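Trainee: Chains as they are written, first to last, in this note's numbering: chain R, 57 to 407; chain S, 57 to 407; chain U, 57 to 407.
One thing to keep in mind: the hints can contain errors.
Remember, identical chains collapse to one label, so a pair may be satisfied in a single copy or spanning two.
[To be verified] Quick list of in silico lysine-lysine cross-link-like pairs, DSS-like style, CA-CA up to 27 angstroms:
#, residue 1, residue 2
1, 208, 407
2, 384, 323
3, 323, 256
4, 200, 407
5, 208, 323
6, 208, 256
7, 256, 407
Just so you know, these hints were derived from the structure itself, not from any lab.
These numbers come from a predicted model, not from an experiment.
Here is how the chains run, residue by residue.
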Amino acid sequence: MKYLAILLLFIPLSFIGDYLDMDDSLIFVTACIAIVPLAVLISDATEQIAIYTGSKIGGLLNATMGNIPEFFIGLFGLQAGLHQLVLASMAGSIMGNIMFVLGVSIFCGGLVHSTQTFDKTIARSNFSLLCFAAISLIVPLAFKLTNDNPAKLDQGLAVISLSIALILLVIYVMGLVFSLIMQKNLFLEHDSDDYEKRAKWSLPHAIGLLAIASFLVAIESELLISKVEAAVRDLQLPELFIGIIIVPILGNVAEHTSAILMAMRNKIDISVEIAVGSSMQIAMFVAPLLILISFAMGHPLTYVYEPFEVIAVITGILLSLYVFQDGKTYWLEGALLTFTYVVFCVAFFYK
Amino acid sequence: MKYLAILLLFIPLSFIGDYLDMDDSLIFVTACIAIVPLAVLISDATEQIAIYTGSKIGGLLNATMGNIPEFFIGLFGLQAGLHQLVLASMAGSIMGNIMFVLGVSIFCGGLVHSTQTFDKTIARSNFSLLCFAAISLIVPLAFKLTNDNPAKLDQGLAVISLSIALILLVIYVMGLVFSLIMQKNLFLEHDSDDYEKRAKWSLPHAIGLLAIASFLVAIESELLISKVEAAVRDLQLPELFIGIIIVPILGNVAEHTSAILMAMRNKIDISVEIAVGSSMQIAMFVAPLLILISFAMGHPLTYVYEPFEVIAVITGILLSLYVFQDGKTYWLEGALLTFTYVVFCVAFFYK
Amino acid sequence: MKYLAILLLFIPLSFIGDYLDMDDSLIFVTACIAIVPLAVLISDATEQIAIYTGSKIGGLLNATMGNIPEFFIGLFGLQAGLHQLVLASMAGSIMGNIMFVLGVSIFCGGLVHSTQTFDKTIARSNFSLLCFAAISLIVPLAFKLTNDNPAKLDQGLAVISLSIALILLVIYVMGLVFSLIMQKNLFLEHDSDDYEKRAKWSLPHAIGLLAIASFLVAIESELLISKVEAAVRDLQLPELFIGIIIVPILGNVAEHTSAILMAMRNKIDISVEIAVGSSMQIAMFVAPLLILISFAMGHPLTYVYEPFEVIAVITGILLSLYVFQDGKTYWLEGALLTFTYVVFCVAFFYK
Numbered sequence: 057m058k059y060l061a062i063l064l065l066f067i068p069l070s071f072i073g074d075y076l077d078m079d080d081s082l083i084f085v086t087a088c089i090a091i092v093p094l095a096v097l098i099s100d101a102t103e104q105i106a107i108y109t110g111s112k113i114g115g116l117l118n119a120t121m122g123n124i125p126e127f128f129i130g131l132f133g134l135q136a137g138l139h140q141l142v143l144a145s146m147a148g149s150i151m152g153n154i155m156f157v158l159g160v161s162i163f164c165g166g167l168v169h170s171t172q173t174f175d176k177t178i179a180r181s182n183f184s185l186l187c188f189a190a191i192s193l194i195v196p197l198a199f200k201l202t203n204d205n206p207a208k209l210d211q212g213l214a215v216i217s218l219s220i221a222l223i224l225l226v227i228y229v230m231g232l233v234f235s236l237i238m239q240k241n242l243f244l245e246h247d248s249d250d251y252e253k254r255a256k257w258s259l260p261h262a263i264g265l266l267a268i269a270s271f272l273v274a275i276e277s278e279l280l281i282s283k284v285e286a287a288v289r290d291l292q293l294p295e296l297f298i299g300i301i302i303v304p305i306l307g308n309v310a311e312h313t314s315a316i317l318m319a320m321r322n323k324i325d326i327s328v329e330i331a332v333g334s335s336m337q338i339a340m341f342v343a344p345l346l347i348l349i350s351f352a353m354g355h356p357l358t359y360v361y362e363p364f365e366v367i368a369v370i371t372g373i374l375l376s377l378y379v380f381q382d383g384k385t386y387w388l389e390g391a392l393l394t395f396t397y398v399v400f401c402v403a404f405f406y407k
Numbered sequence: 057m058k059y060l061a062i063l064l065l066f067i068p069l070s071f072i073g074d075y076l077d078m079d080d081s082l083i084f085v086t087a088c089i090a091i092v093p094l095a096v097l098i099s100d101a102t103e104q105i106a107i108y109t110g111s112k113i114g115g116l117l118n119a120t121m122g123n124i125p126e127f128f129i130g131l132f133g134l135q136a137g138l139h140q141l142v143l144a145s146m147a148g149s150i151m152g153n154i155m156f157v158l159g160v161s162i163f164c165g166g167l168v169h170s171t172q173t174f175d176k177t178i179a180r181s182n183f184s185l186l187c188f189a190a191i192s193l194i195v196p197l198a199f200k201l202t203n204d205n206p207a208k209l210d211q212g213l214a215v216i217s218l219s220i221a222l223i224l225l226v227i228y229v230m231g232l233v234f235s236l237i238m239q240k241n242l243f244l245e246h247d248s249d250d251y252e253k254r255a256k257w258s259l260p261h262a263i264g265l266l267a268i269a270s271f272l273v274a275i276e277s278e279l280l281i282s283k284v285e286a287a288v289r290d291l292q293l294p295e296l297f298i299g300i301i302i303v304p305i306l307g308n309v310a311e312h313t314s315a316i317l318m319a320m321r322n323k324i325d326i327s328v329e330i331a332v333g334s335s336m337q338i339a340m341f342v343a344p345l346l347i348l349i350s351f352a353m354g355h356p357l358t359y360v361y362e363p364f365e366v367i368a369v370i371t372g373i374l375l376s377l378y379v380f381q382d383g384k385t386y387w388l389e390g391a392l393l394t395f396t397y398v399v400f401c402v403a404f405f406y407k
Numbered sequence: 057m058k059y060l061a062i063l064l065l066f067i068p069l070s071f072i073g074d075y076l077d078m079d080d081s082l083i084f085v086t087a088c089i090a091i092v093p094l095a096v097l098i099s100d101a102t103e104q105i106a107i108y109t110g111s112k113i114g115g116l117l118n119a120t121m122g123n124i125p126e127f128f129i130g131l132f133g134l135q136a137g138l139h140q141l142v143l144a145s146m147a148g149s150i151m152g153n154i155m156f157v158l159g160v161s162i163f164c165g166g167l168v169h170s171t172q173t174f175d176k177t178i179a180r181s182n183f184s185l186l187c188f189a190a191i192s193l194i195v196p197l198a199f200k201l202t203n204d205n206p207a208k209l210d211q212g213l214a215v216i217s218l219s220i221a222l223i224l225l226v227i228y229v230m231g232l233v234f235s236l237i238m239q240k241n242l243f244l245e246h247d248s249d250d251y252e253k254r255a256k257w258s259l260p261h262a263i264g265l266l267a268i269a270s271f272l273v274a275i276e277s278e279l280l281i282s283k284v285e286a287a288v289r290d291l292q293l294p295e296l297f298i299g300i301i302i303v304p305i306l307g308n309v310a311e312h313t314s315a316i317l318m319a320m321r322n323k324i325d326i327s328v329e330i331a332v333g334s335s336m337q338i339a340m341f342v343a344p345l346l347i348l349i350s351f352a353m354g355h356p357l358t359y360v361y362e363p364f365e366v367i368a369v370i371t372g373i374l375l376s377l378y379v380f381q382d383g384k385t386y387w388l389e390g391a392l393l394t395f396t397y398v399v400f401c402v403a404f405f406y407k
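For reference, chain R alone in the conformation it holds in the complex:
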């Protein structure tokens, strides 16, 4: 974790760069890097708070706070009118978790432990929700592509987007309430000792850190979004590629690291929970929340992803469903998931 502390230096660097009006694409890169340690800090602070609150509230906190970076990037993206970027970052986050994070975890875990087994029922409810999220991607796009009544297209898309966003949030909240009442967390939560968590910070300390890190992530997100156009122009990175590959990696570094470490300690269950759960929260909570906010803001964001994004997400979901179906994982399956992600990265770069 020490090397991550060094990355905190990029926070002041990005501010200085912005203040001195330096090259926009340079500021973009520093803001990108600065988000990484902040995302890890938010994750750490939330876990520390969870130790004090007990696992129920802790689970709720983890579910809510884990996606703060994605949420702020989405929010400022909406404000800046970068709707394609916001949607791409949602799709990319789902896809990155179930193909890249899972793939590397299974591959690394498989190299160390050969075949790894996990409890199928744990992953199942998250996967069910993820399948529904997949439908939320397919229906509006299919509606648009097969439309033959242009007069009603926009109205239809708005109604469909709002219905889907509301249904997703209702199911998400039903699931959370259900897990708080029933003790049994639907939205994954591993036993706390799996993580070998120890209270290293006091509660006020942890809350303070969480607040500061969240605030800084918001600022860096705004900075990043304001320089996206420069990055597209100067770094020759397509906007779609930034949205679907780069942004999700920034926000998910904490999840990436944990998932791989857990797989190498032969706790592939936790890797699966982290990756699938994280995808699911983006799809069931962050994305519909942003849709609702966009309607409230008056720039409605409809759920119409790029066709190729939908294909990437569906491919990822089907492939990971197939991999998990037998409750066993081995290195070859990890390699397949990872390579598939690489192929999609190449393809998105040339879009």
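For this one, chain R is given, so just place chains S and U on it according to the hints.
Mentor: Chains S and U only, in chain R's frame:
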């Protein structure tokens, strides 16, 4: 069941309305409502007959008679040249059964009994056939959409439609023969005591009622079809919506009620059999029969569904396959199926 | 096997026909028929050699030599610039194995033995690879169809095709190395006694026969390719149909025969291994090798299959995945696979 008897009043009402030349959309609504109790009556009478004939012939009867309303609506739709409506009602019936009927059954059953389990092998053969039916939807549409030889398109679609219709019927009849010979019914049939059937009518009484109800359903179907255009114009209901959502609900009320009741009595097996079996019979028997009749009538109906219909049906099949894969169901899965159906209803309304 | 020896007569017949400059479509037919016994001979000779080399090297040989006819037809097709035909023959070989060969095997096996069971884990690794191969079909096509940046389309397709070809070959070689080291063959290999192999030829005899048969297959493939245009014109067979249905059947006769015989002897495991393994080798080894060769030759063949071919292959993979999911097969599943193949044959004929 008593409240259904009141609906029988809509039969004379629809006749009076038609005779007095009242508002067409009003007659449409009365004809729609009149079909509901008739469909239930046909279902009841068939079950009563099955008690006298024994379970073999009874299974055959159930399979054949259960879809009389769908068949007549399809037949008169063909005669009236409403090909899109006929296809939509087939797709809607498949989709409604595997998403709405199943979803509500699983949800209600899950609320009462938490997790419910069923014998996977029972549902499997019906699902196999349903998968084949899905292919019968995909191939002709894909053939049309990817066509680059317009000269051979119509001929190709006709040959493909006829081949598929014949193959579907051959497999259906093979399956029926197989189950009559082997005692083991491939096309679902639950033990008679599951339904707690008692002979409440004599055999001639039951046969008479079946004949009368079928005759009345035919008349109401013809009336309904003749007023569809008025309903589209006056009630602002798109024809596609009538075909894919309203018509299937009318014909399936009996199945809906039974499936939900069975789920709440913790007999989710029977709910699955009813819903999946009913979908399968539409796809394997009613639809191909209508195709063959349409060719005989000289207005060939090709198997080219609307792309969005195909997406809806495939989504329903994949989602229900996923739900049933582990032989367990719980309320969340029911909610997912039901909500997905709702999303599609909204989308079809705006098509 | 004796009747196959008679087909060897078509080898000289095709040469004589070519020498005497007879009707081109006649030479095409004789070359097609001549490939059948040669493919069987290559398969026999490889098995004989495997008896001497032991099962490790034997498995490697079988994997490499089994697709010699497909490879040569592909190679000469590339040289002649018949890119669509080459791609169609790859897609057709995958599709034919997992729908037709498997379907007929399961159907015949099911008629004799009712339900047949097999070890799910054996088929699983091949299926994993086949799923990845499916992705290799989908990504480039989806990239092309959703492209909105024509300037980068060709470059993108070339990079994606090369990346996919390299990744497929890397995974294939990793799998082979893995199986040679670990004793446990990832790429199918049944126990030798399952085949009841006996050394009927000496090693030099078998190697000699293999060399001669491969050489003759190369010549007949070249002849066949040179007469394809005449066959399209005179026999009214669409080029796509020749590529996707006829060519794969010629090269796979040996696999077809073995798979069906094994199923009827209640060794459905071996049928599954032959069919799925053969599909997988085409997808993971022959196709990417031909792509790399085409780039080396300077006429780059990109992985862009016809949309309808992709739909056929994906349908086949999903259907066979579903059939194998429970580790049991019965005649109805075989009938479904076979009939689906027939429907696609009809459709490809009318494309």
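Trainee: All hints, please: hold or fail.
Mentor: Taking the hints in turn, this is what the structure says about them:
In this assembly of identical chains, the alpha carbons of residue 208 and residue 407 lie at most 27 angstroms apart only when taken from different copies (7 angstroms versus 30 angstroms within one copy). In this assembly of identical chains, the alpha carbons of residue 384 and residue 323 lie at most 27 angstroms apart whether taken from the same copy (12 angstroms) or from different copies (26 angstroms). Proximity of residue 323 to residue 256 under the C-alpha cut-off of 27 angstroms is restricted to the intra-copy arrangement: shortest distance 23 angstroms within a copy versus 52 angstroms between copies. For the homomeric pair residue 200 and residue 407, the shortest alpha-carbon distances inside one copy (21 angstroms) and between copies (9 angstroms) are both at most 27 angstroms.
Within a single copy, residue 208 and residue 323 get their C-alpha atoms no closer than 51 angstroms, and across copies no closer than 43 angstroms, so neither meets the 27 angstroms cut-off. Taking the shortest alpha-carbon separations for residue 208 and residue 256, neither the intra-copy value of 57 angstroms nor the inter-copy value of 52 angstroms comes in at or below 27 angstroms. Neither within a single protomer nor between protomers do residue 256 and residue 407 lie at most 27 angstroms apart by alpha-carbon distance, with minima of 46 angstroms and 57 angstroms respectively.
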